[in-house]
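S.K.: Spelled out from the first residue to the last, the chains are:
2 protein chains.
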Amino acid sequence: MESKEFEEHGAEMLHYVTSYLDSIGSRRALPDVQPGFMKGMIPDKAPDTPDSWEDVLKDVERVVMPGVTHWQSPKFFAYFPTASSYPSMLADVLCNAIGCIGFTWASCPSCTELEVLMMDWLGQMLQLPDTFLFSGPGKGGGVIQGTASEATLMCLLSARTLFFKKEQKKNPDYTLGQLVDKLVAYCSDQAHSSVERAGLIGAVRMRKLETDEKGSLRGPALQEAILEDKAKGFIPFFVVATSGTTTSCAFDNLKELGPICQEHGVWMHIDAAYAGSSFICPEFRPLLDGVEYAMSFNFNPHKWLKVMFDCSTLWVQNTDYLRYAFDVDPLYLKHENQGVMPDFRHWQIPLGRKFRSLKIWFVLRLYGRQKLQEAIRKDVRLAHEFEALVKTDDRFEITAEVILGLVCFRLKGEDATSERLLRDVNNDGRIHLVPSHMKGKFFLRLAMCGPSLQSQDIVYAWDVIKDVADHVLNSHKAKQ
Amino acid sequence: MESKEFEEHGAEMLHYVTSYLDSIGSRRALPDVQPGFMKGMIPDKAPDTPDSWEDVLKDVERVVMPGVTHWQSPKFFAYFPTASSYPSMLADVLCNAIGCIGFTWASCPSCTELEVLMMDWLGQMLQLPDTFLFSGPGKGGGVIQGTASEATLMCLLSARTLFFKKEQKKNPDYTLGQLVDKLVAYCSDQAHSSVERAGLIGAVRMRKLETDEKGSLRGPALQEAILEDKAKGFIPFFVVATSGTTTSCAFDNLKELGPICQEHGVWMHIDAAYAGSSFICPEFRPLLDGVEYAMSFNFNPHKWLKVMFDCSTLWVQNTDYLRYAFDVDPLYLKHENQGVMPDFRHWQIPLGRKFRSLKIWFVLRLYGRQKLQEAIRKDVRLAHEFEALVKTDDRFEITAEVILGLVCFRLKGEDATSERLLRDVNNDGRIHLVPSHMKGKFFLRLAMCGPSLQSQDIVYAWDVIKDVADHVLNSHKAKQ
Chain A
963 MESKEFEEHG
973 AEMLHYVTSY
983 LDSIGSRRAL
993 PDVQPGFMKG
1003 MIPDKAPDTP
1013 DSWEDVLKDV
1023 ERVVMPGVTH
1033 WQSPKFFAYF
1043 PTASSYPSML
1053 ADVLCNAIGC
1063 IGFTWASCPS
1073 CTELEVLMMD
1083 WLGQMLQLPD
1093 TFLFSGPGKG
1103 GGVIQGTASE
1113 ATLMCLLSAR
1123 TLFFKKEQKK
1133 NPDYTLGQLV
1143 DKLVAYCSDQ
1153 AHSSVERAGL
1163 IGAVRMRKLE
1173 TDEKGSLRGP
1183 ALQEAILEDK
1193 AKGFIPFFVV
1203 ATSGTTTSCA
1213 FDNLKELGPI
1223 CQEHGVWMHI
1233 DAAYAGSSFI
1243 CPEFRPLLDG
1253 VEYAMSFNFN
1263 PHKWLKVMFD
1273 CSTLWVQNTD
1283 YLRYAFDVDP
1293 LYLKHENQGV
1303 MPDFRHWQIP
1313 LGRKFRSLKI
1323 WFVLRLYGRQ
1333 KLQEAIRKDV
1343 RLAHEFEALV
1353 KTDDRFEITA
1363 EVILGLVCFR
1373 LKGEDATSER
1383 LLRDVNNDGR
1393 IHLVPSHMKG
1403 KFFLRLAMCG
1413 PSLQSQDIVY
1423 AWDVIKDVAD
1433 HVLNSHKAKQ
Chain B
963 MESKEFEEHG
973 AEMLHYVTSY
983 LDSIGSRRAL
993 PDVQPGFMKG
1003 MIPDKAPDTP
1013 DSWEDVLKDV
1023 ERVVMPGVTH
1033 WQSPKFFAYF
1043 PTASSYPSML
1053 ADVLCNAIGC
1063 IGFTWASCPS
1073 CTELEVLMMD
1083 WLGQMLQLPD
1093 TFLFSGPGKG
1103 GGVIQGTASE
1113 ATLMCLLSAR
1123 TLFFKKEQKK
1133 NPDYTLGQLV
1143 DKLVAYCSDQ
1153 AHSSVERAGL
1163 IGAVRMRKLE
1173 TDEKGSLRGP
1183 ALQEAILEDK
1193 AKGFIPFFVV
1203 ATSGTTTSCA
1213 FDNLKELGPI
1223 CQEHGVWMHI
1233 DAAYAGSSFI
1243 CPEFRPLLDG
1253 VEYAMSFNFN
1263 PHKWLKVMFD
1273 CSTLWVQNTD
1283 YLRYAFDVDP
1293 LYLKHENQGV
1303 MPDFRHWQIP
1313 LGRKFRSLKI
1323 WFVLRLYGRQ
1333 KLQEAIRKDV
1343 RLAHEFEALV
1353 KTDDRFEITA
1363 EVILGLVCFR
1373 LKGEDATSER
1383 LLRDVNNDGR
1393 IHLVPSHMKG
1403 KFFLRLAMCG
1413 PSLQSQDIVY
1423 AWDVIKDVAD
1433 HVLNSHKAKQ
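In the order they appear, the protein sequences are chains A and B.
Residues 963 to 1442, numbered by our numbering, are exactly what the first sequence covers, in order.
Residues 963 to 1442, numbered by our numbering, are exactly what the second sequence covers, in order.
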């Protein structure tokens, strides 16, 4: 494909994209296909000679679209939102054209420098303490990770190295194996599965602590666990506090947990993957109070801030801890200016990295802070609208306080009824939801996802749910 | 930005991209900027209200481009190539528009199913044994990883779990700490830094074994190391064989290493990050002979196969080992069709993942196998052309056999002269190279990178190098 063709086919693709997104609500959010549906729809080998562009574009609609779960649809309320925006897409086109791998400063200075500046822009928007910023007084700074999973893992491993160095100073014969058998990390019983996984990867124990009735990890639970483990000879080293759990958007109590972590010299990491974006609004920023106690803080602009996947932003108060987590420095990656600006390859799990700060830059500039705040506020308002609708119906109950853009609800009574409701809503196909489970109760999660979501979509969703609930409850009665 | 504006601005961006790429050779491949250059060129805060599209696009040229290392330039010969192609860019536009996160089959069936089919297409193109394919007789299959670093890590962790289960069967009280202190992994002293890093992350010892004079890890070195470690009570569990080292594009001897791994029940992983793409050509496929002994095989289409970053493809002979490496399964990710098709979230480090198979599909279809083979062959031919030019000059020596698209060379004599040559070539700015080091010798690496690379670019590069060498050697003589 030559440049001229690229511009032509590109224009066709851009038009396909706008047509897709403008009419996305007319498609079934959760596709009606069975596992293995695609086999047989395309040849079982790559072609020897080029297929035509027209055929490829036709096959997007014929082969791909029937099996797509439409995350950007106003009828998609599952998981959490994943960001989508035109400015971010345009930045990605540029990112691909530059096609650099920014593992060191020298491998593409702009890639590193724009990231440094964007992490400070974003940090300021969130009103992070300036000790987390490059422009701050200390060793703070931020870096773009692929996902929150990687951010948690990177911090856990950095903390592990920190403790290993500490213990080896006391006893040079101390082995990493001896250490990992003693290390204990903590998270709430509501923490994301990736937190448990970070513990498994790092080979350390990850203790899940019981939360209060709201799903929030409180100080006394952590204090008790740390003292208990210390008494047994274990070494508490890392706490993951969640701000906005996936289960129910609950918030661990940072102001209680923080001082305890400080007292025991434990690294506190905050996982605000979803909720983090809301902290650009002054009215939601108090949810982050206590962040000053954290060594590291992470959230995903690629969830709720119009910067598309993959863009998970991580700040730390002491960037040396990331940088020296692994000390691997081959000659082909050395360069003359080492040390003056960050070499981000040391700050992440993989070596390679794209020019991802471009999409933060495009989004922050082309929306501006106020429009991004408005988008957050719209979703929270819609969540409360849905909450109000649920409350009009006695058969239902809200199972968690609605704080941001997630509503958790269920049919009163046995789990089985709500399980049936969830299954039937998804089979019905007009909207798509996923379930969750907390304190022994099964419930449905309705998350504000689609970027074009309006009040009428919320009303529609509620009508579908009520309608399906009628059937579920009637057939239940009929059986009795 | 509304749909109409997106199409308009998008067309401008596409045109910017073609203009950039069509004239990329006129820019300095390695930019002439100092660390910190960008600070002060943009405001120190995000704007409150939107900036105009025109200003953003202007700033790309004003702020970003001066500090870009132009990886796609025909004057860029550093590291290894990173793929760039128009079909891949168009696929990414579509991927972004769909904006799904394909962590489970249900979260976007097409995302999983196309990946399954593309991994088989690609596997067949490489003539992988069908035990690595989904369509094969066993439990084989493949998955797209972000980078080779993650692929190596994923396999090392899977092997670690496998051995932990084995040891715990013998002794239920066995701890992971006890195990990691006993586990030993092996790689060559030429393996990529990410291999060493996988060991550090996994908390296991990674022993670097001495290679032969060609930089190839041979059977006897591995056999000796394994026997020695077993005698000491260690547990050899994992070997990373490199096919095409970053240092010099050397190949470990798979046919010698394989049977030894099999004899000792050790997981052999092949890292062919760069060289792997060449295996689609029958004449280079013998370099992969012995792959049948490997449990896992990985290469980066995002290096040399026109599929853009991030796309690192990993195949295993038993996908259960990836799947059960970590057993974390929260309710909000469960779905009705679990188990029939893969849930790729279990096969990788992060949870989130984009619809990356689209770019493999677009590239394989819009080029076809033959044109992809031609592109590989062109680069290998150009490498031999450069090799021939170097050999015309008595002052230089070739330091490694030229097998694919990398030429390693140096000025005869002390390292200092070649070090000076490298520094001066990069300061000169007409082309960009990086150095390497092997068997006590410093040398320069000239990798065929730019997708539009032609014979004339090779001649140009050689002229620059000769020119700079003249100065280096003259000033050296003048000093004596």
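Simulated from the structure, these hints should not be mistaken for laboratory data.
Please note that a few of the clues may not be correct.
[Said to hold, decoys possible] Label-pair restraints from in silico Cβ distances:
hint : chain 1 : residue 1 : chain 2 : residue 2 : range
1    : B       : Gln1185   : A       : Glu964    : 51 to 61 Å
2    : B       : Tyr1286   : A       : Gln996    : 17 to 27 Å
3    : B       : Glu970    : A       : Glu1336   : 21 to 31 Å
4    : A       : Lys1101   : B       : Glu1172   : 19 to 29 Å
5    : A       : Glu964    : B       : Gln1224   : 41 to 51 Å
6    : A       : Asp1006   : B       : Ser1414   : 24 to 34 Å
7    : B       : Tyr1286   : A       : Arg1343   : 41 to 51 Å
8    : A       : Arg1339   : B       : Ser1414   : 43 to 53 Å
C-beta: ideal position from N, C-alpha, C; glycine also.
S.K.: Each hint: holds or not?
M.R.: Okay, the hints, checked on the actual structure:
For the pair glutamine 1185 (chain B) and glutamate 964 (chain A), the beta carbons lie near 53 Å from each other, so the given range of 51 to 61 Å is met. For the pair tyrosine 1286 (chain B) and glutamine 996 (chain A), the beta carbons lie near 25 Å from each other, so the given range of 17 to 27 Å is met. The hint said 21 to 31 Å for the Cβ distance between glutamate 970 (chain B) and glutamate 1336 (chain A), and at roughly 24 Å that hint holds. For the pair lysine 1101 (chain A) and glutamate 1172 (chain B), the beta carbons lie near 39 Å from each other, so the given range of 19 to 29 Å is not met.
Roughly 49 Å separates the CB atoms of glutamate 964 (chain A) and glutamine 1224 (chain B), a value that falls within the hinted 41 to 51 Å. Under the hint 24 to 34 Å, the C-beta atoms of aspartate 1006 (chain A) and serine 1414 (chain B), about 33 Å apart, fit the expected range. Remark: the range hint 41 to 51 Å for tyrosine 1286 (chain B) to arginine 1343 (chain A) is upheld by a beta-carbon distance near 44 Å. Distance hint for arginine 1339 (chain A) and serine 1414 (chain B): a CB-CB separation of about 48 Å, consistent with the stated range 43 to 53 Å.
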